[in-house]
Every structure is written in C-alpha cells, then in structure tokens.
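*Asks:* Here the protein sequences come in this chain order: V and L. Going by our numbering, the first residue of the first sequence is number 112, and it counts up by one from there. Going by our numbering, the first residue of the second sequence is number 6, and it counts up by one from there.
Wrong hints could be hidden among the right ones.
Below, simulated DSS-like cross-link-like pairs (lysine-lysine); rule was C-alpha separation at most 30 Å, straight line [stated by the list, open to error]: (1) L:K493 - V:K268; (2) L:K255 - V:K123; (3) L:K255 - L:K24; (4) L:K24 - V:K144; (5) L:K121 - V:K164.
Just so you have them, the derived chain L footprint on chain V, three or more residues with Cβ under 8 Å [stated by the list, open to error]: (6) 126-137; (7) 186-198; (8) 236-249.
Everything labelled a hint here was simulated from the structure, so no lab data went into it. Don't be surprised by glycine CBs; every beta carbon is placed ideally from N, CA and C.
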Amino acid sequence: MKDIEKYKSSEKFVLVTLRMLIGWHILYEGFAKLLIPNWTSASFLKESQWILKGFSEWIISSPGVLNAVDFLNTWGLILIGLGLILGLFTRIASISGAILLFVYYLNNPPLIGLEYSVPAEGSYLVVSKTLIESMALVVLAVFPSGYFAGLDILVEKYLNRNK
Amino acid sequence: MATTDNSQSRKVMTQEPLKRRTLLKALIGIPVLGVFAFELIKKYTYDQEKKSRLIKELGLENLPVPTILKSNKGSKSDLIRVGIIGYGSRAASHANGLGFIHPATVEASAKNDGLKDWFAQEDLNVAITGICDVFDLHAEKGLATARNTVRAGGAEPSTLPVKRYRTYEEMLNDKEIDAVMIATPDHHHAPISIAAAQAGKHIYCEKAPVHTEDQIMPLYETIKNSKITYQLGHQITQSPIFQQAKDIIKRDILGKITLVETTTNRNSADGAWIRHLDSNGNPKPGDEKTIDWAQWLGHAPKVPFSIDRFYNWTKFFDYDIGLLGQLFTHEYDAVNQLLNIGIPKSVVSSGGIYYWKDNRDMADTLHCVFEYPDRDLTLLYSAMLANSRSRGRFFMGHDGSMDLGGSINISVDASSTKYKKQIEAGIIDPSGPMVSFNPNSGKVDAVSSATEKYYAARGLTTTSINGIQVDITYLHIKEWIDCIRSGKTPSANIEMAFQEAVTCIMAHKSYVEKRRVEWDPVNRKIV
Chain V
112 MKDIEKYKSS
122 EKFVLVTLRM
132 LIGWHILYEG
142 FAKLLIPNWT
152 SASFLKESQW
162 ILKGFSEWII
172 SSPGVLNAVD
182 FLNTWGLILI
192 GLGLILGLFT
202 RIASISGAIL
212 LFVYYLNNPP
222 LIGLEYSVPA
232 EGSYLVVSKT
242 LIESMALVVL
252 AVFPSGYFAG
262 LDILVEKYLN
272 RNK
Chain L
6 MATTDNSQSR
16 KVMTQEPLKR
26 RTLLKALIGI
36 PVLGVFAFEL
46 IKKYTYDQEK
56 KSRLIKELGL
66 ENLPVPTILK
76 SNKGSKSDLI
86 RVGIIGYGSR
96 AASHANGLGF
106 IHPATVEASA
116 KNDGLKDWFA
126 QEDLNVAITG
136 ICDVFDLHAE
146 KGLATARNTV
156 RAGGAEPSTL
166 PVKRYRTYEE
176 MLNDKEIDAV
186 MIATPDHHHA
196 PISIAAAQAG
206 KHIYCEKAPV
216 HTEDQIMPLY
226 ETIKNSKITY
236 QLGHQITQSP
246 IFQQAKDIIK
256 RDILGKITLV
266 ETTTNRNSAD
276 GAWIRHLDSN
286 GNPKPGDEKT
296 IDWAQWLGHA
306 PKVPFSIDRF
316 YNWTKFFDYD
326 IGLLGQLFTH
336 EYDAVNQLLN
346 IGIPKSVVSS
356 GGIYYWKDNR
366 DMADTLHCVF
376 EYPDRDLTLL
386 YSAMLANSRS
396 RGRFFMGHDG
406 SMDLGGSINI
416 SVDASSTKYK
426 KQIEAGIIDP
436 SGPMVSFNPN
446 SGKVDAVSSA
456 TEKYYAARGL
466 TTTSINGIQV
476 DITYLHIKEW
486 IDCIRSGKTP
496 SANIEMAFQE
506 AVTCIMAHKS
516 YVEKRRVEWD
526 PVNRKIV
C-alpha cells in the first residue's frame with residue numbers, strides 16, 4: 112500500500128471527493144427511509160430473487176425481524192453516510208457500506224433469467240450501479256482518506272497520545 | 006505488513022502538536038454536512054408543501070383516520086350465546102371473528118407467530134353454545150372450536166356447554182341460544198333466516214340473502230316486523246378505507262359519477278367452485294352415512310347423494326345463483342353502501358359457460374348492466390373465471406376516477422372541468438394515480454415515485470388499523486354484536502339486503518330468461 116503521506120494532492124482530492132459523494136448518497140438514502148411514514152423494506156425484500164430469496168422471505172415472515180431489519184438498515188445507512196462525510200472511522204464505514212450495498216445487489220442482481228416486477232431505473236447486465244458503488248467503497252477502504260482529511264486525524268492523535 | 010512504515014509515519018505526524026491546518030483537514034466533512042442538512046430540510050419542506058397543496062386542491066384534507074371503537078361489552082351477564090348453522094370453511098372464519106379458534110389452527114400457527122393479530126382482537130363477550138351441521142365431520146370441527154380454551158383478546162374460556170343440534174329447527178327452539186350465524190349453502194339462507202326471526206334469534210347471514218324471487222318479500226317482511234338484529238355477511242365495507250371512500254364521494258372529488266365498473270377476475274378450479282378434491286387431488290371426505298342428505302337438500306329438488314353437489318353446490322342453480330349470489334353481492338353492497346343506489350330500473354345480463362365445461366348451470370363469463378336513469382348512472386358487472394387480470398372496481402366521474410380495492414387510488418381526468426386550472430398549472434398530473442390511501446400508513450399520501458405508483462396500482466397492501474392487522478370479517482361481526490346490545494341498526498341491514506336481493510334476482514332472471522328485466526317500484530315487483 113502506498114504511504115498516504117506520499118499521495119499527490121490530486122490523488123487525495125479524488126479520493127476525498129469520491130468519499131463525500133458516496134457518503135452524501137448513502138446518508139440521504141437513510142434519511143429518506145426515516146422520513147417516509149411507515150417505510151418498510153418488505154416490498155424490496157418481496158422482490159428478492161437468487162441466493163438471498165429464502166433469507167428475505169424469512170425476514171418478511173416475522174414482523175419482529177422485519178422491524179429490526181428496517182431499523183438497522185435505516186440507521187446503518189445514516190451512520191455509514193455520516194462516517195464517510197466526516198471521515199470518521201472511514202475504513203469501518205467503507206467496509207460496512209460495501210457489504211450492505213453488496214447485500215442489496217445480491218437481493219436483485221440483474222442476471223439473465225431473473226425477472227423482477229418492478230422495472231430497474233437503468234439498463235443492466237450482471238453489473239448494476241449498486242455493485243459499482245459497493246466496489247467504489249472497497250476502493251475507499253483500501254485507500255482510507257480519513258487520515259489526511261477527516262475526523263480520523265483526531266482519532267489517530269487520541270489513540271497515539273500515550274505511545 | 007506493508008502498513009508498518011505507514012503507521013510509523015502517521016505516528017510521527019500525530020505526535021506533533023495539532024496544527025491549525027491539520028485541524029481544518031480533520032473538520033473537512035463539517036461544511037459538507039452543513040450543505041447536506043440545508044438541502045435535506047429544503048427537500049422535505051418542498052415535498053410536504055407539494056403534498057398538502059395537492060391534497061388541498063383535491064379537497065381531501067382532514068379525512069377521518071380509521072379507528073376501532075371499543076365495544077360496550079356489558080357485564081358478564083350480558084354474554085351473547087351464539088349458535089352456528091352450517092359449519093364449513095366460512096363458519097370457521099366466523100368463529101375466529103367471535104374470538105374462537107380450532108385447536109389444530111393454533112398448533113399450525115404456533116411456529117410462525119401467525120395468530121399474533123388474532124390474539125389482539127377485542128373480546129366480544131360471546132360464547133358459541135350450539136353447532137348445527139348435516140355433516141358429522143364439520144359439526145365436530147365446530148364443537149372442537151367452541152370448546153377450545155385458547156381465546157382471542159384475553160377472554161376466559163367459555164364455561165357453558167356446547168351442544169350439537171341435528172336440525173336448525175331444534176336449535177331455534179332452544180331458549181339457550183340468543184343469536185345465530187347462518188353459513189349454509191345459499192338455498193337455505195332465507196328459510197332459516199325467516200324461522201330464526203320468528204323464533205326471536207338475532208341473525209348474521211352469509212350472502213346471498215335469498216335464492217329465489219318468492220323468498221324476497223317473506224324474508225323482508227318477517228325481519229322488518231321482528232325486533233331482532235339482522236346483518237348480512239358483507240365484510241368488505243368494514244375495511245377502514247371504506248370510510249375514506251365515503252368521504253371522497255361526499256366531498257364530490259370525482260364530479261358527476263355516471264359509470265361504476267365492478268369486476269370478478271379469477272382463473273383457478275377453486276375460484277370456479279370446483280372444490281371436492283383436497284390439496285393432494287384426493288376426494289374430500291363425506292358419504293351418505295355421515296351426511297344427512299335429505300336435510301342438506303331441504304326444499305331443493307330430490308336427487309341422489311352426490312359429493313360433487315355437496316362440495317360444489319355453487320355450480321348448480323338448484324342451490325344458488327352462481328356468480329351473482331357469490332361475488333356480485335359483495336360488489337353491489339360495496340357500491341350501494343357508498344352511493345345508496347338501491348334497486349335498478351332495469352337489468353340486462355348476458356354470458357355463458359365458455360371455459361369450465363363440466364356439469365355446471367352457472368355462467369363462467371357473465372356481464373350485467375344495471376340502469377339507474379333517475380341517478381344518471383350505470384352499474385356494470387363483468388365477471389370472468391378464466392383469466393385473473395385485475396380489473397379493479399372503478400367509480401368514474403367527469404373530474405376523476407376512484408379505484409377502490411385494498412387501497413384507494415384517485416386519478417384526475419385529463420378533461421376535468423373542475424381541475425382544469427390545476428392541471429394547466431402543473432399541480433395535478435392526470436397521467437397516473439394522484440392520491441392514494443394506503444391503509445398501512447393510515448393517512449392520505451400523494452403518490453410520488455414510480456415504484457410507489459406501481460405498488461399502489463397493484464394494491465400490494467394489507468389492511469391495518471393502528472399498526473395491527475385486522476380481520477375485516479371480525480369488524481363486521483363486531484358491528485352485529487354491538488348492535489344487538491345497543492339496539493342500533495347495522496350497516497348490512499334488512500333494507501340493504503332487500504335491495505340487494507331484488508337486484509341480484511333481477512340479474513339472474515335476465516340471464517336465465519335471456520331478456521331485459523325491469524323493477525316496478527309501485528307494486529314492488531320484478532317484471
């Protein structure tokens with residue numbers, strides 16, 4: 112891994128910009144769910160195909176589990192979004208976001224032969240925007256930018272105080 | 006590890022005192038978050054304003070939010086003792102509505118918490134004390150349900166004995182029964198209702214109220230001259246969104262309504278009333294030893310025992326009037342509760358047996374046109390048993406239409422006079438459903454995203470009140486029980502039943518006699 116102190120300023124700029132954009136998107140996705148009265152992931156999970164179909168059906172079948180999933184999803188998105196924008200625990204936020212988006216992708220991957228009753232808002236073959244965003248978060252996890260632009264600077268400083 | 010150098014250099018960096026420049030770098034996210042918060046508030050305000058403006062433009066503000074009124078259960082001594090006549094699958098739902106359940110259902114639902122909402126059902130202070138069925142197996146199911154100690158709403162198990170009656174006359178003669186629920190095949194509905202009213206028993210009768218024309222007046226007059234509470238089994242109107250629909254009609258949102266389209270769309274053997282086989286394809290139980298066939302037939306023409314007729318009675322005009330009695334009754338009641346249309350001036354029916362070519366009398370494709378010239382209104386019923394494309398239930402006015410199903414969707418007509426200005430100003434978009442009432446959210450919502458529109462149009466919603474899934478049959482039974490105690494008149498009362506009976510028999514007569522049938526309001530006769 113390249114030493115972060117040796118990044119060119121253009122490299123730092125694109126990494127931080129990408130982090131802000133994805134953070135913004137994920138934070139709004141979280142808030143949107145919070146602001147829609149009685150929002151639930153049930154309709155999304157009902158559409159689940161492929162390998163997570165059984166798991167999604169299990170979630171819907173129990174109101175308690177569904178409520179828990181809805182709560183964790185909404186607040187998970189908000190916390191990941193905040194982490195990315197603020198550059199706080201950037202690596203954890205990036206990895207959690209990548210996993211969450213990958214789970215979304217696995218619920219309705221645009222594979223040949225899988226039909227969904229809700230049309231996608233683009234044209235996809237195997238690769239979707241969700242998958243790309245998930246991969247972009249993996250990039251942000253590998254090149255964490257919070258250490259040179261974000262609250263992680265302060266976290267690092269605090270952790271290394273007594274060393 | 007490759008990160009050793011990295012963390013050492015970071016260590017060097019972080020051990021230095023915090024420079025002003027570094028602090029700025031640490032806080033880089035704060036202004037971004039500020040802009041985000043600003044945009045979020047702007048967006049939220051914009052959405053709320055747009056929604057309230059649209060709802061206001063349509064005159065939909067302050068729609069009542071559905072609630073369930075608490076029952077006046079009275080004291081313990083006010084317990085109502087109910088007898089069930091005819092204990093098939095429909096009666097099992099009635100028992101559930103009364104707060105009773107079969108032990109096998111409890112066992113089957115234990116794993117997935119499926120009875121949670123049922124347990125939340127309010128106790129109605131009733132007991133099932135009598136079961137009457139001509140088939141031993143069905144009667145035993147009823148007895149086991151009535152005796153089960155598992156009850157809804159935290160009610161205590163009933164301590165009263167549960168009796169099996171061999172005939173309905175025997176049950177009606179028993180002073181220990183206060184009210185009866187009738188869920189027999191349709192040809193018994195009117196005779197049992199008349200006898201029950203004469204015996205002073207309150208009645209909850211499944212639709213259709215009558216089977217033949219000559220039953221209409223005797224039923225009407227007997228019930229009318231009695232003091233009992235009569236409720237016809239039409240649970241749809243108890244759905245909380247019906248109150249909203251009533252309000253939408255009252256506020257004249259749709260303009261002048263000249264056409265109401267109701268439909269039936271089914272495409273399965275079960276949906277076409279072929280029900281003598283179980284899920285494994287084996288014949289269901291029952292033979293002459295366990296079924297009192299003569300009593301089952303009653304006044305119907307004498308025919309040898311037939312398992313086909315016993316389970317699939319809907320197919321035969323000897324026992325009911327097909328689609329009209331089974332499904333149009335619900336459609337008609339829904340429309341009549343909303344618009345008070347009453348009896349039509351004329352009816353023309355047409356159809357045939359085009360797909361289910363078995364021994365049936367009933368049409369599997371049926372269209373009926375009911376004319377209400379005094380109301381400038383046509384009611385259309387189009388039924389189909391060989392295609393399940395959902396065609397909805399539409400109230401069509403000059404300014405808009407309402408699709409009333411599990412949810413309400415209102416679309417404004419592109420050529421509306423009333424909303425002309427708003428359409429031109431872009432406040433109202435007539436190209437899709439504009440306002441939907443979703444019983445899950447309990448409030449009126451402007452439809453925004455494509456996905457939301459899609460789900461709203463598909464009616465992928467369940468009925469709930471205050472977050473609890475509520476069985477609408479329970480609400481209908483609850484209304485009946487509440488009215489027995491208060492002496493008030495329930496929604497599906499004898500006047501509504503009379504209008505429905507006449508309308509359905511007119512349509513059936515038109516189909517059978519292949520002619521236009523009229524109603525003579527002076528002599529109160531079908532001509």
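*Asks:* Taking the numbered hints from earlier one at a time, note which ones the structure violates and give those numbers from smallest to largest.
*Replies:* 1, 2, 3, 4 and 8
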